[in-house]
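In order, the protein sequences belong to chains A and B. Residue numbers for the first sequence follow numbering that gives the first Met the number 0, beginning at 0 and rising by one. Residue numbers for the second sequence follow numbering that gives the first Met the number 0, beginning at 0 and rising by one.
Hints were generated in silico from the structure; no laboratory data involved. Note that the structure is a prediction, hence the values are computed from the model and not measured. Hints may be right or wrong, so weigh each one.
Stated by the list, open to error - Which chain A residues face chain B? A few, computed with CB under 8 Å, are given here:
no. : residue
1   : H119
2   : A125
3   : T126
4   : L127
5   : G130
6   : V138
7   : P141
8   : P145
9   : L148
10  : K175
11  : E191
12  : A195
13  : A199
By construction, the Cβ of each residue, glycine as well, lies at the ideal position given by its N, Cα and C atoms.
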Amino acid sequence: MLANADLDALFLTFKVASISTVLMLLLGTPLAWWLARTTCSWKSAINAIVALPLVLPPTVLGFYLLVLMGPSGLIGELTTWIGVDTLPFTFPGIVLASVLYSMPFVVQPLQTAFASIGEHPLEAAATLRAGPLDTFFSVVVPLAKPGFLTAIILGFTHTVGEFGVVLMIGGNIPDKTRVVSMQIYNHVEALEYNEAHWLAGCLLLFSFTVLLLLYTVSKTQPNVQQLK
Amino acid sequence: MTQPIIARFKLDYDNFKLDIDLALPSTGITILFGPSGSGKTTILRCVAGLQKAQHGFLQINGKLWQDSEKNLFLPTHKRPLGYVFQEANLFPHLTVSGNLQFGLKRIKKSCNANDLQPILELLGIDHLLNRLPERLSGGERQRVAIARALALDPEILLMDEPLAALDYKRKQEILPFLSRLHQHLAIPVLYVTHSQQEVAQLADTLVIIEDGKSLAIGPISETLSRLDISLTQDREANTVWPATIIEHEIDYHLTRVDFIGGTLSLPMIDAAIGTKLRVQIFARDVSITLDLPNTSSILNILPARIIELSDDNNGQRVVKLEIDKQILLAHITLKSSLLLNLQTDMSVYVQIKGTSIVN
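Extracted from the complex, chain A is given alone in its bound form:
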């Protein structure tokens, strides 16, 4: 059965994932919108940077973040300057790391959804007196709904499953940075296979349910609605 420490780890994991997903949507939506529409020559470079975590070993990303967030890193100096603790081995630290790590899973579905909406509905909205921001919320968001759904599900689940980045910058502090994947690792290290089974089973079931939901939704609702 799940012990209290396991439940704490589960709770912490979902807290990290929820906060990260909200932050990723807030940051990723404008970024995806810009990437979907810009003709700026920086587009490819930005696209590549956003996609980096897809191919980079999480430990590499974690290592760089650790250095950056450390007392002599750029982010570390910033946090010292504004008078807060350095981020490694803290809850905000793993949230920040998760946001960067899972960002492509939010930006890419949104970018695809935005790009496929095309110019026409935006122009129609403009001729019907809707300003740019109004158009975004009343036309773009509803039309990109499947994209948002995909982004939320992928961003959330990917954060739930992260290990390497947290290992590098979060360590293994109960209630602060000890997420489920870390807890499973601890169990296995201690040869507590039974406990590891329970926790691993929980994550497996969760991931399967979410993906099942995703594919059911994307089957009934075509990823991008064609403009009629």
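Go by the hints and put chain B onto chain A.
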């Protein structure tokens, strides 16, 4: 009459130049006519503000919408216009009713469904309100799009080839609605098309656009008959006369109509006496005789005066004639023209072999 529309746009792209200076009437349908790629849609988009001309000046009903010298450019959503796109461009996530209300909500007018009733009836869409756009036919979609633009009570209606994406049947379904609009609308309409049929049926003013320039602009009867325009050489060259039904000859299946220069016999028209309509006469259906023929199967023979003769064009000559004040074009062979020794100012008779009613 309020001040006309003044539109001056200069655009310079790598492979396309636009340079026009138009003063258009503030009532009726003005058709921008020209081949594809001539820049007519670009003009419409500049008027709407969907595209920004590097140098532009646009004034509608005395209000300035763009003046690049003053660095003034009203964004599209602040221009009181209605725009109908080639593809209906309805919002797929909203019902017909939602589409119609979209703009209304934004101009904070009362969203009273009754206000829309005349427009819904005019366009015959009152039974479609709860449907989603994907459940509409192409013709229905385009009618909803027109209603959506009109619902805002715009100061000008812009229509970009609204029928081009529809098949022949759908076109015939919508054209009567557009003709009805024509009679009900008090606002100016700028209408882009490359269809001669739509020109004949709808235009009051015709602007001919070619290679980003306006070749001719004026009332339809004048513009269609300008011999310096290649349109008059075309097989489809025609003139359009306004006429009124005065009599039905039921035994002969004929209807007589009155026009400025006299009367015409047309195939029976199913409409009441007094109905106003447009008669289209193709230049290829008109022949010329010097004397009034006593024996001819052709019913419509009218006295006319030659006002202009075109140059020879591969053995064909275009003759511009006048019946009272009504202009008529005739395509005849160079040989006939020489045999009859046709000259400007000569009095002749024209035989009109065929006519078509456009609305």
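Checking hints one by one. Is A195 (chain A) an interface residue toward chain B, by the C-beta closer than 8 Å rule? Check failed: Cβ of A195 (chain A) comes no nearer than 46 Å to chain B, outside 8 Å.
Taking 8 Å as the limit, does the beta-carbon of T126 (chain A) come near enough to a beta-carbon in chain B? holds, 4 Å
Agreement of hint E191 (chain A) with chain B interface, Cβ distance less than 8 Å: violated, 51 Å
Verify the interface restraint on L127 (chain A): the C-beta must sit less than 8 Å from at least one C-beta of chain B. Result: holds, 4 Å to nearest chain B Cβ.
Is the hint on P145 (chain A) kept, meaning its closest Cβ partner in chain B is under 8 Å away? violated, 11 Å
Residue hint K175 (chain A), partner chain B, criterion CB-CB below 8 Å: Result: violated, 43 Å to nearest chain B Cβ.
Minimum beta-carbon distance criterion (8 Å), H119 (chain A) to chain B: This interface hint holds because 5 Å falls under the 8 Å limit.
Interface hint check: A125 (chain A), Cβ to nearest Cβ on chain B, cutoff 8 Å. Holds or violated? holds, 4 Å
Restraint check, 8 Å cut-off on beta carbons, for V138 (chain A) near chain B: holds, 6 Å
G130 (chain A) as chain B interface residue, shortest Cβ-Cβ below 8 Å: Status holds, d = 5 Å.
Do the numbers back the hint for P141 (chain A), that is, is its least Cβ distance to chain B under 8 Å? Status holds, d = 4 Å.
The hint names A199 (chain A) as touching chain B; please verify it with the least Cβ-Cβ distance against 8 Å. Violated - the Cβ of A199 (chain A) stays beyond 8 Å from chain B, reaching only about 41 Å at its closest.
Comparing the model with each numbered hint stated earlier shows that hints 8, 9, 10, 11, 12, 13 do not hold.
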